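Each protein sequence line maps, in turn, to chains A and B.
For our numbering, count along the first sequence from 1 and bump the result up by 255.
For our numbering, count along the second sequence from 1 and bump the result up by 255.
Some hints here could point you the wrong way.
No copy labels: a pair is met if it fits in one copy or bridges any two.
List time: in silico DSSO-like cross-link candidates among lysine-lysine, alpha-carbon distance up to 27 Å [claimed, not checked]:
no., residue 1, residue 2
1, K490, K572
2, K576, K290
3, K475, K490
4, K413, K342
5, K576, K352
6, K433, K475
These are calculated hints, taken from the structure and not from any lab test.
These figures come from a predicted structure and were not determined experimentally.
There are 2 protein chains.
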Amino acid sequence: MVLVLVILAPATTSPAHGQPAPVDPLPSWNDGTSKRAIVDFVTRVTKEGVPDFVPIAERIATFDNDGTLWCEQPVYTQAFFAFDRVKQLAAVHPEFKVNEPYRSILEGDQAAMARFGSHEITALLAATHAGMTTDEFNRLASTWLDTARHPRFHQLFKACVYQPQIELLAYLRANQFKTFIVTGGGIDFVRAFAEATYGIPPEQVIGSSTKTRFELRDGKFVLVKLAELNSIDDKVGKPININLHIGRRPILAFGNSDGDLEMLQYTASGAGLRLMLLLHHDDATREYDYDRKSRVGTLDLAWDEAVKQGWLVVSLKDDFKTVFAFEK
Amino acid sequence: MVLVLVILAPATTSPAHGQPAPVDPLPSWNDGTSKRAIVDFVTRVTKEGVPDFVPIAERIATFDNDGTLWCEQPVYTQAFFAFDRVKQLAAVHPEFKVNEPYRSILEGDQAAMARFGSHEITALLAATHAGMTTDEFNRLASTWLDTARHPRFHQLFKACVYQPQIELLAYLRANQFKTFIVTGGGIDFVRAFAEATYGIPPEQVIGSSTKTRFELRDGKFVLVKLAELNSIDDKVGKPININLHIGRRPILAFGNSDGDLEMLQYTASGAGLRLMLLLHHDDATREYDYDRKSRVGTLDLAWDEAVKQGWLVVSLKDDFKTVFAFEK
Numbered sequence: 256m257v258l259v260l261v262i263l264a265p266a267t268t269s270p271a272h273g274q275p276a277p278v279d280p281l282p283s284w285n286d287g288t289s290k291r292a293i294v295d296f297v298t299r300v301t302k303e304g305v306p307d308f309v310p311i312a313e314r315i316a317t318f319d320n321d322g323t324l325w326c327e328q329p330v331y332t333q334a335f336f337a338f339d340r341v342k343q344l345a346a347v348h349p350e351f352k353v354n355e356p357y358r359s360i361l362e363g364d365q366a367a368m369a370r371f372g373s374h375e376i377t378a379l380l381a382a383t384h385a386g387m388t389t390d391e392f393n394r395l396a397s398t399w400l401d402t403a404r405h406p407r408f409h410q411l412f413k414a415c416v417y418q419p420q421i422e423l424l425a426y427l428r429a430n431q432f433k434t435f436i437v438t439g440g441g442i443d444f445v446r447a448f449a450e451a452t453y454g455i456p457p458e459q460v461i462g463s464s465t466k467t468r469f470e471l472r473d474g475k476f477v478l479v480k481l482a483e484l485n486s487i488d489d490k491v492g493k494p495i496n497i498n499l500h501i502g503r504r505p506i507l508a509f510g511n512s513d514g515d516l517e518m519l520q521y522t523a524s525g526a527g528l529r530l531m532l533l534l535h536h537d538d539a540t541r542e543y544d545y546d547r548k549s550r551v552g553t554l555d556l557a558w559d560e561a562v563k564q565g566w567l568v569v570s571l572k573d574d575f576k577t578v579f580a581f582e583k
Numbered sequence: 256m257v258l259v260l261v262i263l264a265p266a267t268t269s270p271a272h273g274q275p276a277p278v279d280p281l282p283s284w285n286d287g288t289s290k291r292a293i294v295d296f297v298t299r300v301t302k303e304g305v306p307d308f309v310p311i312a313e314r315i316a317t318f319d320n321d322g323t324l325w326c327e328q329p330v331y332t333q334a335f336f337a338f339d340r341v342k343q344l345a346a347v348h349p350e351f352k353v354n355e356p357y358r359s360i361l362e363g364d365q366a367a368m369a370r371f372g373s374h375e376i377t378a379l380l381a382a383t384h385a386g387m388t389t390d391e392f393n394r395l396a397s398t399w400l401d402t403a404r405h406p407r408f409h410q411l412f413k414a415c416v417y418q419p420q421i422e423l424l425a426y427l428r429a430n431q432f433k434t435f436i437v438t439g440g441g442i443d444f445v446r447a448f449a450e451a452t453y454g455i456p457p458e459q460v461i462g463s464s465t466k467t468r469f470e471l472r473d474g475k476f477v478l479v480k481l482a483e484l485n486s487i488d489d490k491v492g493k494p495i496n497i498n499l500h501i502g503r504r505p506i507l508a509f510g511n512s513d514g515d516l517e518m519l520q521y522t523a524s525g526a527g528l529r530l531m532l533l534l535h536h537d538d539a540t541r542e543y544d545y546d547r548k549s550r551v552g553t554l555d556l557a558w559d560e561a562v563k564q565g566w567l568v569v570s571l572k573d574d575f576k577t578v579f580a581f582e583k
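Pulled out of the complex, with its shape left as it was, chain A reads as follows (with noise of 0.2 Å):
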């Protein structure tokens, strides 16, 4: 008989004592309606024999990235990569001075970038995103994201990841949910940080993605990124890839935006208990304060049905103790 020893979550700080003290698995998260509602979710769907239960394999919980698990501002981290990426090809490219839409990322026109539309994006995907072999893509993205800062806290942008989220993400897993990431951004370039960072495999991250081409280069068959768009993960986008990805419907399902809401609707579609949470950015000191009440109808179908539906609205500013780990 081989026995192995999991050790889920550690429950005790003070052996010495008779009586065991229970650890918060949340301690960035301050006491309030969220995070009791929150434990209080998780208690009573892994509690047998309640009516409420919910077995392990369906305890499936999905989590945006952008806004949700990591800083969106003032632009998605991926644009960063991109605009980085564009700089570096310049210099084999002496045509991206002149040519749009690389010539206002070289010169910084942030007034040109806003008006960015599907046809530089779909340029920019192609220059930046497409031509080389999935392995080769890992490795750019991974060596810059292990030197790129965000420009307001000077961190690296894979530290600047919400720390109540990650202490979440943990939770789940040790009341043995299975945490996934649908995300609008690319599969491949969030994949690239996802498993150190939030310890959610490749294979449970779901995201837009391009074709790929099946080639044999140099005697070895690899997969080869096309400039063709495949799938985009956002608003219906989302329920259907978690169909197709996952095949279940999730039991949590936490975003931030407009681009969340029919992952949410359809999380709560399902039978049974279900929590669903919006996180409302209304902390410009800390991190940004946007949403409603500063960009106006970026945030307002999810956030009117929320608060119709009594969805959770997760307040950065009064929920979450500490946002950065780095602050601390």
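With chain A held as given, fit chain B onto it using these hints.
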């Protein structure tokens, strides 16, 4: 400290003796080259400190389904499902009696059915696999699988799974491999039985898929299966979907036909120790004798490549001590 005992695999039979006798994890495999190669591979990649060691997270094993995990003769099981759906639907679709391809199915015209091309298959797919929600399809497939029997073995189709492969999947998981199905069959159809039959959860089943539409029905958000193809998970589709769903190259892949060639090539092209296996159907007595000898062209490329590359060709006749559990 919460400790959970996970029993990985029984390793003793005679606790009365001082020395625990090792239990064979693959009792339905005959001792021979194939079994020894499998055990040797698993032993080498799981032994820490040796050059062949593979970290747990990278122990990805992918299995074809039809003809690799269960019987695919005389036709794919999913075709039987589609035919039975046509018969069921004929009650409310009297035009099926006169219109092709339904007429041939209702009349059991084998010769006509053998000539079905992509036009007929698409029509069948639309009639039998589309228009319902994913939940409804899951119920249809599950209900059918609970009663439908194989025409020759007179056993449930889901009992016509290869016992040695069930043991191999369990053996790999006991050694902390993550096991995936990568099937040319429909992803939703295979997910309807994979968890109970193979111990493989829906999120580890990759297959051919149709597009879905997110919509509100009776106050609940659902996904409706459309008659439009999303992905054919066969040939180059296999490595492409492995990358999309898993994001890592498998270190073990098991197939049985030309549809699996690219998955095997992709697996073989990674660094480090790899195991590529091809099941050869050469037993007309206990199962079927097909592949190269009886159906010229169906197993040419994969077979030739397996021989050329030294991949493991598993003989159903010689390597499987037991084929089906119901034989016992």
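Verification of the hints:
{"no.": "1", "hint": "K490 - K572", "verdict": "within (26 Å within a copy, 51 Å between copies)"}
{"no.": "2", "hint": "K576 - K290", "verdict": "within (11 Å within a copy, 56 Å between copies)"}
{"no.": "3", "hint": "K475 - K490", "verdict": "between (37 Å within a copy, 17 Å between copies)"}
{"no.": "4", "hint": "K413 - K342", "verdict": "within (21 Å within a copy, 56 Å between copies)"}
{"no.": "5", "hint": "K576 - K352", "verdict": "neither (46 Å within a copy, 68 Å between copies)"}
{"no.": "6", "hint": "K433 - K475", "verdict": "between (33 Å within a copy, 24 Å between copies)"}
Violated hint: 5 only; the structure is consistent with all others.
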